[in-house]
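Starting from the given sequences, assemble the full structure and let the hints guide the process.
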Amino acid sequence: ITQESLYRKCKCHGVSSSCNVRTCWNTLPDVHDIALKLQERYTEASPLSELLTQFRYTTDKAIHGELSRQHLVYLRDSPEYV
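Read in order, the letters of the sequence shown are residues 368 to 449 in the working numbering.
None of these hints come from the bench; they were simulated from the model. Given the structure is predicted, the values throughout are model-derived calculations rather than measurements. Any given hint could turn out to be false.
[To be verified] So the derived label-pair ranges between C-beta atoms look like this:
id, residue 1, residue 2, range
1, S435, K376, 42 to 50 Å
2, S413, T390, 19 to 27 Å
3, Y374, L415, 28 to 36 Å
4, T390, D444, 44 to 52 Å
5, R443, N393, 34 to 42 Å
Glycine included, C-beta positions come from ideal geometry on N, C-alpha and C.
The following block contains the structure:
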C-alpha cells in the first residue's frame, strides 16, 4: 500500500522562488489515507480455504484473475470482541 501511494513533491529554489533549481522527492500521503486503503483491503479479504477450493475446481480465468498480490487472505475468522 505504501509503495503504490507514493507521490512526487517538488520545491523550487532561486531568487524569489524563480525555480532556477527544482528539487523533487517521493513522499507518502497522510497516515489516515493509508489506513483507509488498508481498511478497504481488510474488508475485501477472502478466506484462504475458500480461494483454494475455487482454484482447485475451476479453470475459469475470471476467478483466477480475482486474486492479485495486493489481495489480503486470512486463515481463520477473527474473534468477536463484544
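For each hint, the structure was consulted:
| no. | hint | result |
| --- | --- | --- |
| 1 | S435 <-> K376: 42 to 50 Å | violated (28 Å) |
| 2 | S413 <-> T390: 19 to 27 Å | violated (43 Å) |
| 3 | Y374 <-> L415: 28 to 36 Å | holds (33 Å) |
| 4 | T390 <-> D444: 44 to 52 Å | holds (49 Å) |
| 5 | R443 <-> N393: 34 to 42 Å | holds (37 Å) |
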